[in-house]
Amino acid sequence: VTAVVQRDVRFNQIFTEFFEPVSRYCHRRLPTSDANDAVAEVFVVVWRKLDDVPSGEATLPWLYGVARHEVSRSRRSMRRRLALRARLGGQAPHPEPGPESTVVRHEDQELLVAALQALSPNDQEVLRLRAYEHLTIDEIAVVLGCSVSAAKQRSARAIKRLRRAAQLPAPRGASKDSRATRKGGGG
Amino acid sequence: MNDEQVLEQLGMTDAYAPATAMPEGAWGRDDAISEIERRIEMQTQTERTEHEETTRRWMGPAIAAAAFVVLIIVVGAVALLIDARSGGVAPADTTTPTPTTTASTTAATTSIPEAASPQVVVDAFFDALNTGDVETIVGLFSVDAVIGFGGPPGEVGVDDIHPDEFTDYFTWTVDSLPTAYEIDGCDVIDTHVSCRIGYTNTLLDAVLGEQGQQAHIFDIEDGAISQYYLTFGGRESSLVFTPFIRWVEQTHPEAMATVWRQDCCYTFPAFTEESAQRYRALVEEFVATR
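Which chain is which? The protein sequence lines are U and H, in order. Okay, so the first sequence: first residue is 1 according to this note's numbering, each after it adds one. Okay, so the second sequence: first residue is 1001 according to this note's numbering, each after it adds one.
Mixed in with the good hints, there may be bad ones.
Okay, derived cross-link-like pairs now, SDA-like style, lysine to any residue, Cα gap no bigger than 25 Å in a straight line [said to hold, decoys possible]:
#1 K152/U x A1032/H
#2 K49/U x Q1227/H
#3 K49/U x T59/U
#4 K49/U x R1048/H
#5 K49/U x A1032/H
#6 K160/U x M1012/H
Chain H is nowhere near these chain U residues, computed Cβ spacing over 12 Å in every case [said to hold, decoys possible]:
#7 T2
#8 A3
#9 V5
#10 R10
#11 V53
#12 P54
#13 S55
#14 G56
#15 T59
#16 D138
To be clear, the hints were calculated from the coordinates, so they are not data collected in a lab. Note that CB positions come from ideal geometry on N, CA and C, so glycine has one too.
Whole structure, please, built from the sequences with the hints as guidance.
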């Protein structure tokens, strides 16, 4: 009985403290109804894996990692729904602009938001984790499930691509890209 | 603007920054906790039902097996008793089945099905790749799987593909250059499977005249691919793909932006239908010049 009570207490603590940031994370990335669903799923996972949830400062990045998977799953299912609708002869609606578009205050920001939305999902995620969730590189590594050096590199690349997409000049002292060639296909 | 200032500017476009209102229709704490409790209850109920069904399914055969073993023991005991009384050879030697054999056969034929083995998953992957069945391919991956090129995902210098892009990536792979894959051999260590793959396509046939070699490496957990990365043979890169890309650059420079992503430091394909079709047409033209 004590174990069950302790489990309830711990779950409630996590829910109370982290519902809001998790909810904001999901709503930044998904339409409202899908975001609600993703938030609920995150806390169902918390309940199931309560013993694995790290404590202290490590809790939130861990929760964002779970939320990231739920957001991915939701987006995939959304794409399947749209594809099905298109196959059935309906018009697949254009994707809605992200919530960022609603708070643009001046032209520079509009440019940045447009540039952000033109980037790959990976790049967008890294940039949002830094700019919106204000995570450190170490925390981003936890969310993405990669090494700190990989997170650092992904972040640097994402900012570089954001700059390029927004046509912002490179910061002073930045070296020119070395372009490498890789295979272009065939399996 | 330095990078920090760029991020600061971007941060100002956060529609749901702390202390700002959430969108209309967003669940508050009470709505959310009710829904979470409902889902947990549903899951618990499902697990309970599954457990009961499993128990019920196993109870019948278990009782039958136990009864059979008891019967064998009784028959054996009676036979021994008769033998002891008559002082002759017990007929049990030839008529009594061996209980252990019966028991082990029962166990073998009713074992609980496990998740597909890593090799089975890998075979299914290449079967689907060879038939161009993208849906099956993507279905073999876990929801949080990672694909990397050139080395394990997450390592420096390696390009990762996010699960969101799997369908686009494999569709591009299948559509851009139909390729036949042949498993030359796989080493399986626990969940880790490393395969040597021979592959052929019109580009390789025309330029190299023989199979190319790739290494496909998988991590498979609970019957699903959790990590997958592939490395290409350096020989094909230098003799086939690099000359092909150079040829496109020289003869169809306008195609570069359609076929390959321009936002990356690598010549990385854009996983779009237009890119795949253009790539295929370019290969046909390139092959015709050989």
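Against the structure, the hints come out as follows:
no.: 1; hint: K152/U x A1032/H; result: violated (34 Å)
no.: 2; hint: K49/U x Q1227/H; result: holds (22 Å)
no.: 3; hint: K49/U x T59/U; result: holds (13 Å)
no.: 4; hint: K49/U x R1048/H; result: holds (18 Å)
no.: 5; hint: K49/U x A1032/H; result: holds (18 Å)
no.: 6; hint: K160/U x M1012/H; result: holds (19 Å)
no.: 7; hint: T2; result: holds (20 Å)
no.: 8; hint: A3; result: holds (16 Å)
no.: 9; hint: V5; result: holds (16 Å)
no.: 10; hint: R10; result: holds (14 Å)
no.: 11; hint: V53; result: holds (15 Å)
no.: 12; hint: P54; result: holds (18 Å)
no.: 13; hint: S55; result: holds (20 Å)
no.: 14; hint: G56; result: holds (20 Å)
no.: 15; hint: T59; result: holds (17 Å)
no.: 16; hint: D138; result: holds (14 Å)
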